Amino acid sequence: AQKVTQAQTEISVVEKEDVTLDCVYETRDTTYYLFWYKQPPSGELVFLIRRNSFDEQNEISGRYSWNFQKSTSSFNFTITASQVVDSAVYFCALSYTGANSKLTFGKGITLSVRP
Amino acid sequence: GAVVSQHPSWVICKSGTSVKIECRSLDFQATTMFWYRQFPKQSLMLMATSNEGSKATYEQGVEKDKFLINHASLTLSTLTVTSAHPEDSSFYICSARPFESQEGLTDTQYFGPGTRLTVL
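Chain order of the listed sequences is F and Y.
According to my numbering, the stretch in the first sequence is residues 2 to 116, in order.
According to my numbering, the stretch in the second sequence is residues 235 to 354, in order.
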């Protein structure tokens, strides 16, 4: 069985602060994918990143960075110099590889960035 | 690329009526489409997985006669909520997974904007 835990439920920061969103997962598979999605107030889920279980390199994309550590089964997401537009619910998710693979979502973290 | 649309974006209906929600992948073909339901301030709950030309696979606890899914083509899937009742009011989201590796697309689920259903 797969499980994704996002222990933080709500985070509030002031603009320009850095913020890290935690994600811990459980799976028995050796090959899997990890994801982060953003859901702004409009409701649409926006794909941010997919990481293959074999690739433990950290990734940076602009103000976003991801830290994948297999040893601790964590895939944390950091937003540097946060902005008001970053306010959203962020979901971490896990899936097996394969065409019909389902996404197992965490409960989501509500991030509020205050001006 | 990777745009998924849903129609309608919101719908209000009377109890007992049926409502159809369309999910389209606009610029790619989808091997598989997924339907989710999301309650306020909660995570997404997978309802069913559908492949073009075959019957949908429903998650445990989801009534297949209540939530009819038709996946008519590689770009269109529909969800029909039959004889809707107030407890069916929710935010319904579909996603589509690209048919094959396409330039610029990651092999992942791309989500539609969602449909808010309110049953009176």
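Incorrect hints may have been included.
Said to hold, decoys possible - The calculated lysine-lysine pairs, modelled on DSS-like cross-linking and capped at a C-alpha distance of 30 Å, are:
| id | chain 1 | residue 1 | chain 2 | residue 2 |
| --- | --- | --- | --- | --- |
| 1 | F | LYS103 | F | LYS71 |
| 2 | Y | LYS275 | F | LYS17 |
| 3 | Y | LYS298 | F | LYS4 |
| 4 | F | LYS103 | Y | LYS254 |
Unchecked claim - Output of the computed footprint for chain Y on chain F, the stretches with three or more beta carbons under 8 Å from beta carbons of chain Y:
| id | segment |
| --- | --- |
| 5 | 53-61 |
| 6 | 71-81 |
Please keep in mind that the hints were generated in silico from the structure rather than gathered at the bench.
All of these numbers come straight from a predicted model, not from anything done at the bench.
Even glycine gets a Cβ: it sits at the ideal position worked out from N, Cα and C.
Going down the list of hints, with the structure as the test:
1. F:LYS103 - F:LYS71: holds (21 Å)
2. Y:LYS275 - F:LYS17: Distance ~26 Å between Y:LYS275 and F:LYS17 Cα, so the pair holds.
3. Y:LYS298 - F:LYS4: holds (25 Å)
4. F:LYS103 - Y:LYS254: holds (23 Å)
5. 53-61: n = 0 at 8 Å, threshold three: violated.
6. 71-81: Not satisfied, violated; 0 residues make the cut.
The structure does not agree with the numbered hints 5 and 6 stated previously, though it agrees with the rest.
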